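Start from the sequences, fold in the hints, and give me the full structure.
Protein chains in written order, with numbering that gives the first Met the number 0: chain A, 0 to 357; chain B, 0 to 363.
Just so you know, these hints were derived from the structure itself, not from any lab. Any given hint might turn out to be false.
What the hints assert, rightly or not - Short derived list, chain A residues pointing at chain B, Cβ under 10 Å:
#1 Gly-136
#2 Pro-140
#3 Pro-200
#4 Gly-201
#5 Ser-209
#6 Ala-211
#7 Ala-213
#8 Arg-301
#9 Ala-322
#10 Arg-323
#11 Ala-328
#12 Pro-331
As the list claims (entries may be wrong) - Quick partial rundown of chain A residues pointing at chain B, CB under 7 Å, derived from the structure:
#13 Gly-38
#14 Tyr-40
#15 Ile-77
#16 Thr-81
#17 Ile-192
#18 Val-197
What the hints assert, rightly or not - Label pairs and their in silico Cβ distance ranges:
#19 B:His-117 <-> A:Val-177: 30 to 36 Å
#20 B:Gly-314 <-> A:Ala-223: 50 to 56 Å
#21 A:Val-177 <-> B:Gly-128: 30 to 36 Å
#22 B:Gln-47 <-> A:Phe-181: 43 to 49 Å
#23 B:Pro-270 <-> A:Leu-59: 30 to 36 Å
#24 A:Leu-321 <-> B:Asp-338: 51 to 57 Å
These numbers come from a predicted model, not from an experiment. From the three backbone atoms N, C-alpha and C, an ideal C-beta is built for every residue, glycine too.
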Amino acid sequence: MSTLDATMLQQRRPIAAPLAIGALVLLPVATAMLCLSAGRYQVPAGHVFGILLHDVLRLLGLDPTAVVTATWTPTERIVVTTVRLPRVLMAGFAGAGLALSGAVLQGMFRNPLVGPQTIGAASGASLGGVVAILLFGFGLPVHLGAFGGAALALAAVLIVHRGDGVSPVLTLVLAGVVVGAFCSALVGFVTFIADPEVRLPGIVFWLLGSFAAASWPNLALLTACTLVGGGVMLAMRWRVNVLSLGDEEARSLGVAPGRDRVILLAATCLAISAQVAVSGTIGWVGLVIPNLVRMVVGADHRRLLPVSAVAGAAFLMAADTLARDLSAAEIPVGIVTAIVGTPVFAWLLRRHARGQAA
Amino acid sequence: MLSRLRWIRWGLAIAIGAASMCVAFGSARASDLTDQRGATVAVATPAQRVVFLPMPAPSTYMAIDRSAAHVAGMNPASATAMQSGILGRIFPSFESIPTGITRGAGVVPNVEAIMALHPDAVLQWATSGEEPIAMLDRAGLTVLGLRYGGQDEVEGAILMMGKLAGQASRAAAIVERQQQRRAALAAALEAVPAADRPRVLHLSRASDSFAVAGRDTYADFVIRIAGGRNAADEIGGSRTVTLEQMLVWNPDVILLGNFDTATPDDLYRDPRLQSIKAVTDRRVYRVPLGGYRWDPPSHESAMSWAWLAGLLHPGRVAIDLRADMRGWYTFLYDHALSDGEIDDILRTRLNGGSAGYPRLAGAR
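This is the structure in structure tokens:
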């Protein structure tokens with residue numbers, strides 16, 4: 000994979016650090032502000048800003064009345080702080096977790112076509128989630144089911160993988176694809192036997208991916224898992240660089256590729272299953288965003304990982320805003336990301352093929 | 000010698016043929032029924048063995064037939080509904096009716112399993128696409144197509160099932176009682192000005208996401224019959240909507256359907272819904288579940304119209320719901336409802352904390 004060659008790692012010059020960090024913080028914050036101002040219920044942008052400022056000051060223990068006067072209605076406040084804010088933040092954390100996981104997986108397996116779906120974790124989480132919905136309905140069981148499903152899928156992948164010492168990366172990806180296909184078949188089986196009047200509509204909607212069930216408790220769960228999983232991934236960003244050079248080079252540089260891969264896989268599994276648990280399957284973000292970012296900042300994971308996280312957050316917040324605002328109906332966000340993601344990915348592939356032909 | 004043998008054989012064959020035809024004509028009358036896809040179907044009536052793929056149909060048939068004896072097979076989801084509702088108690092023999100007639104959950108038939116039941120007729124949705132009904136036709140089964148979308152279609156379905164069961168006049172009586180109720184409600188609510196008609200939102204799903212019934216749905220029809228306005232009438236059909244859209248509509252009354260687990264208390268507790276008028280006024284009600292769910296159309300629909308009209312216009316529609324339900328259940332099932340059964344059907348426990356419910360349900 001030419002984009003991941005060692006020489007590429009040095010190709011880009013480091014951007015001035017404060018400027019880069021500023022941009023990294025500003026992009027998701029600005030996107031979040033825009034998304035918070037958009038919605039079916041009309042709330043003037045000034046009110047949105049005022050409500051947020053008011054609540055932040057109150058949270059900090061300061062007196063908000065000295066700075067802002069409450070000109071908004073109680074309903075507007077509910078819309079902004081109880082309906083939109085957890086939803087926008089959830090989309091942000093989910094997007095960051097997915098893009099980060101995708102970037103790590105692509106680096107680790109030295110293949111830009113790998114995404115959260117490839118290692119079986121997303122499919123395993125989907126399976127665990129639909130089984131939980133089938134048996135217990137929505138709520139906490141779905142979270143536990145998704146975590147359990149993702150962990151089991153990952154364990155299955157690792158057990159299959161352990162047998163092969165010759166081409167570990169290939170077997171790992173292959174095992175992921177096989178386990179993923181197995182889980183997808185079982186998800187199909189669950190939708191086949193689910194009560195079509197009571198359970199099936201909920202399962203189908205959840206599988207298509209949506210942040211409709213956004214709430215503060217869901218957000219807390221997603222945030223905790225994304226911070227832990229994402230923190231591990233970001234902390235190991237230079238190790239991803241080493242892994243992306245191949246196992247031989249990694250060993251010669253004193254890195255244990257097997258152990259690092261397991262830790263990184265566990266971290267991606269945590270982030271992905273948390274996202275699936277709160278919002279169902281959302282494709283394309285983990286696949287497309289890291290590829291797009293790599294074209295801009297290069298293949299050095301020390302830059303690629305944080306930028307992917309930020310870009311993923313901004314992308315999914317924007318996509319979900321479209322999903323909830325284009326019509327009165329709630330469009331599953333997985334459909335929006337796929338409609339945007341497919342042409343982008345097709346274009347990437349063509350560009351890649353042309354690059355190789357040249 | 001040889002020719003005489005042949006004559007005897009011919010004679011025997013003719014005699015057997017004539018005898019079997021006599022038996023066939025003697026046991027049942029062949030009737031031509033026009034089903035709800037418009038096909039003319041020859042069926043032996045009264046049908047002794049009927050298989051039902053549409054979930055609500057067997058409960059309607061059992062009400063018309065006043066028996067579960069002629070239901071030879073039904074959808075597993077129908078059995079689940081009977082198990083959880085009152086119909087299972089009225090017709091306890093439902094438990095022995097075979098349910099292995101579908102492929103997976105849904106209405107895709109397991110043709111061989113249905114053939115093994117030797118049905119006189121198979122009822123199948125005429126609204127689920129070509130294939131689920133064509134599969135049965137190809138197998139040479141006698142298939143009747145069914146539609147349950149609007150009130151006219153349900154009335155047609157009841158009349159068709161009446162002919163099938165050899166109970167045409169009873170089916171006509173059920174339809175007539177529904178029409179009388181409809182006319183009575185229309186007369187009582189005719190003069191209500193638009194401003195006094197509450198804006199009602201019917202949520203078929205509210206636990207994971209919010210699915211509303213828009214125009215052209217049966218819920219829309221029921222809301223209008225009961226003197227309300229559908230808050231979601233800008234949407235056609237049934238749709239999942241955003242939470243913000245519900246805040247925009249701000250309905251006066253919310254109905255929670257029976258295809259979901261959400262209860263009024265779930266909505267009263269949801270911090271996101273606290274500015275909706277129906278929540279602040281505590282006018283969220285879970286739709287009752289009787290012989291079948293009261294949200295989709297059925298032979299019990301007239302009771303659901305009265306229930307909603309009583310909630311929306313307590314001053315204008317003076318109805319003793321308990322007495323009304325007792326009358327209907329005696330008429331439909333020959334069953335005397337106990338007070339506990341009425342409370343179960345009306346979901347008094349779930350709805351008891353909502354405005355006006357104790358009065359409507361006639362607290363004992």
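Now the hints, each set against the structure:
no. : hint                                : in the structure
1   : Gly-136                             : holds (6 Å)
2   : Pro-140                             : violated (12 Å)
3   : Pro-200                             : holds (6 Å)
4   : Gly-201                             : holds (5 Å)
5   : Ser-209                             : holds (7 Å)
6   : Ala-211                             : holds (4 Å)
7   : Ala-213                             : holds (8 Å)
8   : Arg-301                             : violated (39 Å)
9   : Ala-322                             : holds (9 Å)
10  : Arg-323                             : holds (5 Å)
11  : Ala-328                             : holds (5 Å)
12  : Pro-331                             : holds (8 Å)
13  : Gly-38                              : holds (5 Å)
14  : Tyr-40                              : holds (4 Å)
15  : Ile-77                              : holds (5 Å)
16  : Thr-81                              : holds (5 Å)
17  : Ile-192                             : holds (5 Å)
18  : Val-197                             : holds (5 Å)
19  : B:His-117 <-> A:Val-177: 30 to 36 Å : violated (45 Å)
20  : B:Gly-314 <-> A:Ala-223: 50 to 56 Å : holds (53 Å)
21  : A:Val-177 <-> B:Gly-128: 30 to 36 Å : holds (34 Å)
22  : B:Gln-47 <-> A:Phe-181: 43 to 49 Å  : holds (46 Å)
23  : B:Pro-270 <-> A:Leu-59: 30 to 36 Å  : violated (21 Å)
24  : A:Leu-321 <-> B:Asp-338: 51 to 57 Å : holds (53 Å)
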